[in-house]
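Protein chains: 2
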Amino acid sequence: MGNPNDSSDEPASKKSRTEAPTQLSKDVENKLTAALSTQEELEKLHQEATNEVLAVEQKYSKLKKPLFEKRDKELKHIPGFWSTAFQNHPVIAQLMMELDQQILSHVTELEIEDLEDIKTGFKISMRFSENEFFSNDLLVKTLKYDLSKGDAKTECTEVNWKPGQEEKVTDASNLFMWFTATESLDDGPDEVASQIKDSLYMDAIRFFKNELTEEEMYNRDMDDMEGIGESDDDDDEDGDGGSDGGEEEEDDDEA
Amino acid sequence: MGNPNDSSDEPASKKSRTEAPTQLSKDVENKLTAALSTQEELEKLHQEATNEVLAVEQKYSKLKKPLFEKRDKELKHIPGFWSTAFQNHPVIAQLMMELDQQILSHVTELEIEDLEDIKTGFKISMRFSENEFFSNDLLVKTLKYDLSKGDAKTECTEVNWKPGQEEKVTDASNLFMWFTATESLDDGPDEVASQIKDSLYMDAIRFFKNELTEEEMYNRDMDDMEGIGESDDDDDEDGDGGSDGGEEEEDDDEA
Numbered sequence: 280m281g282n283p284n285d286s287s288d289e290p291a292s293k294k295s296r297t298e299a300p301t302q303l304s305k306d307v308e309n310k311l312t313a314a315l316s317t318q319e320e321l322e323k324l325h326q327e328a329t330n331e332v333l334a335v336e337q338k339y340s341k342l343k344k345p346l347f348e349k350r351d352k353e354l355k356h357i358p359g360f361w362s363t364a365f366q367n368h369p370v371i372a373q374l375m376m377e378l379d380q381q382i383l384s385h386v387t388e389l390e391i392e393d394l395e396d397i398k399t400g401f402k403i404s405m406r407f408s409e410n411e412f413f414s415n416d417l418l419v420k421t422l423k424y425d426l427s428k429g430d431a432k433t434e435c436t437e438v439n440w441k442p443g444q445e446e447k448v449t450d451a452s453n454l455f456m457w458f459t460a461t462e463s464l465d466d467g468p469d470e471v472a473s474q475i476k477d478s479l480y481m482d483a484i485r486f487f488k489n490e491l492t493e494e495e496m497y498n499r500d501m502d503d504m505e506g507i508g509e510s511d512d513d514d515d516e517d518g519d520g521g522s523d524g525g526e527e528e529e530d531d532d533e534a
Numbered sequence: 280m281g282n283p284n285d286s287s288d289e290p291a292s293k294k295s296r297t298e299a300p301t302q303l304s305k306d307v308e309n310k311l312t313a314a315l316s317t318q319e320e321l322e323k324l325h326q327e328a329t330n331e332v333l334a335v336e337q338k339y340s341k342l343k344k345p346l347f348e349k350r351d352k353e354l355k356h357i358p359g360f361w362s363t364a365f366q367n368h369p370v371i372a373q374l375m376m377e378l379d380q381q382i383l384s385h386v387t388e389l390e391i392e393d394l395e396d397i398k399t400g401f402k403i404s405m406r407f408s409e410n411e412f413f414s415n416d417l418l419v420k421t422l423k424y425d426l427s428k429g430d431a432k433t434e435c436t437e438v439n440w441k442p443g444q445e446e447k448v449t450d451a452s453n454l455f456m457w458f459t460a461t462e463s464l465d466d467g468p469d470e471v472a473s474q475i476k477d478s479l480y481m482d483a484i485r486f487f488k489n490e491l492t493e494e495e496m497y498n499r500d501m502d503d504m505e506g507i508g509e510s511d512d513d514d515d516e517d518g519d520g521g522s523d524g525g526e527e528e529e530d531d532d533e534a
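Protein chains in written order, with the working numbering: chain U, 280 to 534; chain S, 280 to 534.
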């Protein structure tokens with residue numbers, strides 16, 4: 280059969296793992312070359328598809344913007360709106376410690392805005408009422424994707440802490456510390472940011488009213504699948520992911 | 280400030296988590312009602328966006344199909360093509376045990392095809408040369424998404440085992456057992472299926488030649504992000520995820 284791995288009596292060992300290319304015969308090289316030119320056509324199509332999808336999303340991002348602004352202006356006068364929505368979101372709630380709840384009870388406005396070119400990122404802005412922790416009335420976290428390197432950079436407004444508060448909050452908060460963190464992520468999008476943008480912000484009123492069923496959460500997920508093959512394993516979104524107010528999100532199976 | 284969570288002296292306890300709706304004043308109810316009608320407009324737009332994105336993907340899925348068929352016909356005559364590609368894929372390789380390598384060395388053709396309505400799933404077909412394990416020359420795994428329930432069903436051709444092989448393979452293979460498994464998944468798309476469809480199949484030649492750099496892998500990921508907010512935490516794709524041929528894929532931090 281001519282298959283080099285086909286000696287079924289002995290295990291197909293790892294010896295051939297990286298050696299294959301150097302062992303290629305002229306004949307195989309020719310076949311590969313033909314296949315490669317087809318592959319290039321495929322990749323061109325793939326890139327076109329990606330661009331078209333982005334154009335659609337860009338168009339809708341612009342259409343949605345004034346509606347989000349209108350909604351958020353309406354929500355602004357509902358006391359404790361955002362902290363309640365945070366507390367009722369199954370994934371976000373897991374990241375919240377008591378001090379996070381205290382700090383976020385001062386959020387009067389939350390806004391999420393795509394960057395001009397949506398492919399390059401978005402920013403999350405939070406307005407705060409006067410509070411004991413810091414003097415900023417606006418904090419903005421920006422997530423910027425570096426498409427050439429495939430990683431993401433985050434920036435955040437510097438926090439003007441009130442005396443003694445920085446140490447206290449650093450030690451006893453989680454979600455707020457995530458919000459102010461500015462490390463770069465070498466793994467593409469940030470899970471928490473995605474949850475806030477695509478789930479919490481999108482469905483804010485339902486989270487506030489605590490009326491999103493598990494099934495609806497799943498359906499949202501499926502809506503967002505779009506590419507269908509996209510990997511999307513937010514296992515915790517079913518809300519049974521364990522303790523509240525805990526440390527980082529982690530897998531359930533720590534056996 | 281009128282914020283019910285705003286008593287900063289005592290911790291914002293969980294007491295308000297689900298009680299909020301019942302405590303709403305008439306005034307707040309009115310504001311919520313206004314915001315809800317804006318929210319409905321937003322959701323309509325979101326649904327339109329999703330439909331448009333799917334239409335784009337459906338269109339390109341059709342355009343790509345004859346090219347994939349052409350490429351796969353060209354690859355068919357390269358000995359050990361698919362088993363080498365499998366072995367060189369950093370995520371898939373982790374699922375492969377020695378017996379998986381033996382079985383998959385018999386794969387002569389791999390084909391992935393979207394279902395008519397791409398939103399409902401896809402199928403993975405593998406053609407096998409004659410082998411000691413089973414008599415099927417074609418096995419097809421189908422992943423079907425149930426959009427109303429938000430889960431996925433998998434089906435697979437029944438394997439016609441040769442005598443004594445079923446027990447042997449069940450005990451000592453991993454990727455092949457995944458392929459033939461038919462349990463339904465209540466968490467949407469299947470991670471392994473996604474890796475095979477969007478990464479291994481798409482970039483098969485590069486995996487065969489083992490020339491995809493880590494950076495390119497990341498860029499692929501970013502390409503596939505599309506929605507940018509999409510969660511996509513295939514941490515293992517950096518290829519440093521530990522031992523080969525091991526059990527299930529798992530997180531690196533088993534400390």
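Please keep in mind that the hints were generated in silico from the structure rather than gathered at the bench. The structure presented is a predicted model; accordingly, all values stated were derived computationally and were not measured. Hints should not be assumed to be uniformly reliable.
Given that identical chains are not distinguished, each listed pair holds provided it fits within a single copy or across any two copies.
Derived pair list, reagent style DSS-like, types lysine-lysine, alpha-carbon separation capped at 27 Å [claimed, not checked]:
id: 1; residue 1: K349; residue 2: K428
id: 2; residue 1: K305; residue 2: K398
id: 3; residue 1: K488; residue 2: K352
id: 4; residue 1: K305; residue 2: K432
id: 5; residue 1: K432; residue 2: K488
id: 6; residue 1: K423; residue 2: K310
id: 7; residue 1: K341; residue 2: K423
id: 8; residue 1: K441; residue 2: K305
id: 9; residue 1: K323; residue 2: K447
My question is about K432 and K488: at a cut-off of 27 Å on alpha-carbon distance, are they close within one copy, between copies, both, or neither? Neither, since 34 Å and 32 Å both go past 27 Å.
27 Å Cα cut-off: does K488 pair with K352 within a copy, between copies, both or neither? within (18 Å within a copy, 55 Å between copies)
Within, between, both or neither: K323, K447 at alpha-carbon 27 Å: Neither, since 53 Å and 44 Å both go past 27 Å.
Status of K428 relative to K349 across identical chains (alpha carbons, at most 27 Å): Answer is neither; intra-copy 36 Å and inter-copy 32 Å both fail.
Between the shortest in-copy and the shortest cross-copy C-alpha distance, which are at most 27 Å for K305 and K432: within, between, both, or neither? neither (45 Å within a copy, 44 Å between copies)
Could you place K341 and K423 in one of the four classes (within, between, both, neither) given a Cα distance threshold of 27 Å? within (19 Å within a copy, 33 Å between copies)
Measure nothing new, just compare the shortest in-copy and cross-copy C-alpha distances for K441 and K305 to 27 Å and report within, between, both or neither. Result: close neither inside a copy nor across copies, 72 Å intra and 37 Å inter.
Is it within a copy, between copies, both, or neither that the alpha carbon of K305 lies no farther than 27 Å from that of K398? Answer is neither; intra-copy 42 Å and inter-copy 42 Å both fail.
Can you give me the call for K423 and K310, within, between, both or neither, at a CA distance of at most 27 Å? neither (41 Å within a copy, 34 Å between copies)
Checked against the numbered hints listed earlier, the structure breaks hints 1, 2, 4, 5, 6, 8, 9; every other hint is satisfied.
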